[in-house]
Amino acid sequence: MLKRIVQLFIVITGGTIGYLYFPELFTTMGLTWQNWMQSVLGAVLGALILFLLTFWIVDFIVNFIRWVEDSLVRAPVADLLFGTLGLVAGLIVAYLINIPVQDIQIQVINQVIPIFLTVLLAYLGFQVGFKRKDEFLHMVSKKDKKAEEMEEAGASAVDESLIPKEKILDTSVIIDGRIADICETHFLEGTIVIPQFVLEELQHIADSSDGLKRNRGRRGLDILNRLQKDLPVNVEIYEGDFEDIHEVDSKLVKLAKVMDGIVVTNDFNLNKVCEFQNVQVLNINDLANAVKPVVLPGEEMKIQVIKDGKEQNQGVAYLDDGTMIVVEEGKDYIGKNIDVVVTSVLQTSAGRMIFAKPKSLEKAL
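Per full-length UniProt numbering, residue 1 is the first one in the sequence shown, and the count goes up by one each step.
Derived by calculation from the structure, the hints in this document are not laboratory data. Remember, predicted model here, so these are calculated numbers, not experimental data. We put the beta carbon where it would ideally sit given N, CA and C, even for glycine. This list has only true hints and no planted wrong ones.
Pairwise CB distance ranges, derived in the manner of DEER restraints: (1) Ile61 x Glu239: 30 to 38 Å; (2) Leu8 x Asp260: 51 to 59 Å; (3) Asn337 x Gln280: 37 to 45 Å; (4) Glu243 x Gln277: 18 to 26 Å.
The whole structure should be built from the sequences, with the hints applied where relevant.
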């Protein structure tokens, strides 16, 4: 059906062109017929010529129209809305600029420049509306939230510093699972935001052919269901995306800037990137380290050496909370329970490590 419509449009266009311009061509060629005959013959010839051309070009036109149609249908409503608003704004600005330009008495300027400005500003307006839609949407939603909070509080103004910021979860902290326990204890306040691109990454991991990755992805999806259904927290799905950015971590940083939110992660590298770009970040590992019992050099503890360490004669043990203890000269004690003396503690965002040596060696010294 679409192909027939395109062919009909092309034939009508050809007939119109032939009706308007072919009579002059006939006169130039010395063919002197009556005006109506020239017009009719011109319309028939024009329609016939373009009809023959349709056998070569109609498929390209139809495929292009269908490609545009599919692109528009698949595009999110927000993309179309803000892109169209930007396009309209660009056309209005171009119209206002073209009014004085058309008064210039130079043919090249008053005819060519308006067309160029119209196309350029329309394109720029569409791109600005399309690519900055997330900022616009967040501005509107933020104003709505503030208005609701003002109504609920019955106050004329709300101190922004008292409003909890949105907490944006990354993939690693969802798979880790401790975020659910933290939310259950009410230590994390405010809205929990799950970006759509993080959900897609989780689904991709859950569909992996690798068994370990698949289990981790499914665990992450279970944690999200627990957050949304069983815990007293407000969970929102952020539907937007940053198509010009490919890395998920970079999208998280960009989203945090747009929403003025806080990234929640246990990824050491993402933690450093957020700090470098002045984005607030909460590292679950930092919280876990902060609430661990404090161990000071000189303290004694009883441990079981499990395996040998990386360096010569080292042994490795673990506390109940998973903290690794490196025992100097502890290789000979593998599989045994011994008393050790703490010599030093190394604590970073990646975790905590305790260095110790057997108490028996301390006494010998």
